[in-house]
Amino acid sequence: MAKKVNITPLHDRVIVKAAAAEEKTAGGIIIPDTAKEKPQRGVVVAAGPGKKDEPVTVKTGDTVLYGKYAGTEIQIEGQEYLIMRESDILAIV
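Under our numbering, read the sequence shown as residues 1 to 93, first letter to last.
It should be emphasised that the hints constitute simulated quantities derived from the structure, not laboratory data. Please read all numbers here as calculations on a predicted model, not as lab measurements. All C-beta atoms in this analysis are idealised placements derived from N, C-alpha and C, irrespective of residue type, glycine included.
Computed spacing ranges between beta-carbons, pair by pair:
#	residue 1	residue 2	range
1	Lys-68	His-11	20 to 26 Å
2	Ile-30	Asp-62	29 to 35 Å
3	Asp-53	Glu-77	30 to 36 Å
4	Thr-34	Leu-10	32 to 38 Å
5	Pro-55	Ile-29	41 to 47 Å
6	Ile-30	Thr-60	29 to 35 Å
7	Gly-28	Gly-61	27 to 33 Å
8	Pro-49	Gln-79	21 to 27 Å
With a Cα cut of at most 25 Å, we get these calculated DSS-like pairs of lysine-lysine:
#	residue 1	residue 2
9	Lys-68	Lys-17
10	Lys-4	Lys-17
11	Lys-4	Lys-38
12	Lys-38	Lys-24
Start from the sequences, fold in the hints, and give me the full structure.
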C-alpha cells in the first residue's frame, strides 16, 4: 500500500499512486521498457473533500481504474503520483 502524503487535494481532485507496469505477459514473454503500456490501475493516496453539493465517493486506500491518459503526473518526496478529478476514475476495484 502507498504511504501517506502530506498534501490534501482541493475540491474533487484525487491523488493516485499508479500500479507498476506489467513485466511479463501471461505466456511468460518479458516486455521491454519501450513496449510497456501505461498502467490504468492505482491506489488512492489522498482525496479532496468534494464539490459543494457532491462529496467524493472514493477514499484513501481504494484501488481504482482510470483512463489511459487521465490526470497529471506529479512528483512528491521522490515518488511519482497522478492527480486527477474524481470524474476521470472509471471504477473502484
